[in-house]
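I would like the entire structure built from these sequences, with the hints used as guidance.
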Amino acid sequence: MNTLTAVADPGVVPESPELCQIDLGIGGMTCASCVSRVEKVLKKQPGVSGASVNLATESARVMLSGPEDAETLARIKRAVRDAGYEPRSMAAMDEDSNERWHGIPTDFLPVLAGLLLSAPLALPMVGDLFGKHWMLPSWTQFLLATPVQFWLGARFYKAGWHALKALTGNMELLVAIGTTAGWMLSTWLWWRAEPGEMVHLYYEGSAVVITLVLLGKWLEARAKRQTTSAIRALHALRPEWAHLLPDGIKRTEETDVPVDELLPGDLITVRPGERFPADGTVAQGSTQADESMLTGEAMPVPKAVGDGVTGGALNGEGAVQVSVRAVGAQSVLAHIIALVQDAQAGKAPVQRLVDQVAAVFVPVVLVIALITLGGWLYVGAPVEEALLHAVSVLVIACPCALGLATPAAIMAGTGVAAQHGILIKDAQALEIAHRVDTVAFDKTGTLTVGHPRLRLIEAAAGVDELAVLRAASALQAQSAHPLARAVLEAAATRGLTVAADAAQDVQVVSGRGSLGTVQGAKLALGSLRWMDELGAAMGPLAARAQTLQDEGATVSVLAAQGEADQWAPLALLAFADEAKPGAAAALAGLRAQGLRLFMVSGDNRGAALAMAHTLGLRPDEGEVIAEVLPGDKAAVVQRLKLGEREPPPGLVALAAVEGGTPPALLARESGDPAAGPPQGGVSPLGGQRPAPAVERGGHHTVAMVGDGVNDAPALAAADVGMAMSHSQGGSSDVAMHAAGITLMRGDPMLVAAALDISRRTVSKIRQNLFWAFAYNAAGIPLAALGYLSPVLAGAAMALSSVSVVSNALLLKRWKPPVQR
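Note that the working numbering has the sequence shown beginning at 2, numbered continuously upward.
In short, the hints are calculated from the structure, not lab data. Just so you know, these numbers come straight off a predicted model, no measurement behind them. Take the hints with a grain of salt, since some may be wrong.
As the list claims (entries may be wrong) - Label pairs and their in silico Cβ distance ranges:
1) Glu564 x Ala544: 20 to 28 Å
2) Pro196 x Gly381: 38 to 46 Å
3) Thr107 x Gly617: 53 to 61 Å
4) Arg592 x Ser511: 38 to 46 Å
Heads up, the beta-carbon is just placed ideally off N, CA and C, and yes, glycines get one too.
What follows is the structure, given as structure tokens:
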């Protein structure tokens, strides 16, 4: 019994916990008109808030306005069946395509029967080319053509009848009307002929057209199956069994269990050459993992105790024990599959035009066929000749290619992108990405390694450096911030151990730092900006902090609260990060394509400028925006959309001073007296300060690239958000949900690759739509004027569908433009 499979979209936050969606296979669809008809039927059902039907995958995604229940699902399936199509589970559709009979695919048997019956009918046409006349007796032609017409062609009558009842049209209706007219004309000519008279019949036209249509649909189905190869390859990564280690209570020896039975916390062993059955953490042993099918990374990744592993990755030469962290729908592999399926199930905005055309296409073609028939009769042509020309119009105008043009390209493009570590969440992101002319990057973890290290501690007079490190470690013990990890790593390197409860009443102040009580003293550890807000007098440490910032360090201050709630700085902590390998080359490649580039960072201006120079960015052209609070990143993106390079109030624009002197601040917060006059003036480091100008260039299409929770608002605000994974465990789930594209490797090169596959996919969509429209625009007049016989029209119609899918499949040869 077929069932419906509920699928939650990981990229969409539902408005209500009651909302859900289901994916349903639809058997029997053949053209764009079928898609339009099924969508209309589904949207009319109670409880359905929306539906999207995909011809290439022969599937429908149905959005329910309430909870899923058996009655709603049954009503949806019944509506699909009453419309003349077969509701099936997605799994069943894949299984059916693999069935064979004596080594012959079962779906090819109708085509084979048609070829065997039609070949003798087409033989006289071949003989005419060599001056031979091999005309079969009329009764033989009738016996050969009739099974093709009413047995093999029964699907056309059935689907055409359902279309008529719904007052719509589809490919089957056109084929049924056209071939029936040819068969009836031949039968009538045979019936009225004198005994012994040899009359020219047209049985071969109807039979060959039906056979060619069946052959074309079979070739089309094979080609469409190749477009889903990426999904099948991802499913194949998941092993069926796992080696569960004994727990000493219920199990005393290793047991092989189905992967579906694994639970978080289970301890499993993975032998050399096996695939990891679930996401987890290496608990014992070391190895290398081949994650190429998940991330596109060709080189194996070393794995040691404490490192994370991803289900589906291939284990190297070492046997390891893994503590299971996530299984089932919560695993990375399941998330990847869901994202690819979502992208392939959705519709690109350009598809709306196709749907509008398909809604009126068949009725218009029927009118053109009637005009053709009447026109030829009007000029004195015999009835049979006029009828054949009308049949040619009906056959060649079948809108198969029109319905496949967009979904076939989207499936091929998103599939090959996933194989190279680029997950495109929906067709809209894919279509918009090709128009991107501005790319904004988060700095830490996106352009940099994202693993800063504590470079030095500059203690105030009379303050012990080890005591500073111990106090800072206590405040940061429970924090996951990169700077906090750097403090804890530095403490561990120096042999300091800090108890988990060494600090009390710890509070995290977003975008600023942490404060708490350590050994009775109230301490704060955070940015220089926060110290200014707290009123801390930096004294002699101020000049040193400026020097460290100018050298590119991120400076934090450890301060203690004294009498009258005055804060006194105890020490400076300087952190340094480094650019990712290939980041500068990636930015140079994007710049060569004519894209505007920006780096948006929450770090101090000195650190941002130092990194900008390393990466080849141009601060003097406003490409660096620093000291941006997390909540302000979305505002930066909005201004970049408008083409404004001047930062919004409260943000900092940076530029370099001529002559190679250290970078200087061009525009600071309006409340900073050291900023000088906003219209220009002399910079604090000498030289003339240019006036910050607002560049307005109309609307720009902006892509935002980030990797953390704090980047999620900016990713959502951008026209296209790109969430980047990194070596510390992948990008934030929140960032991935807010982004339209997820880059599975922390490689900035993938940004250019994502934009490239978007451009190529959209190009294929346009090519396919052009040829689908051009084919009908040229073919219908030729058929109406008598230049195409029904057989040639049928061959051209079948070839158009196959050519559109084949053109889309060329995307499977795509590789990222830059491989390091």
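- prompt: What are the numbers of the hints that this structure violates, sorted from low to high?
  reply: 2, 4
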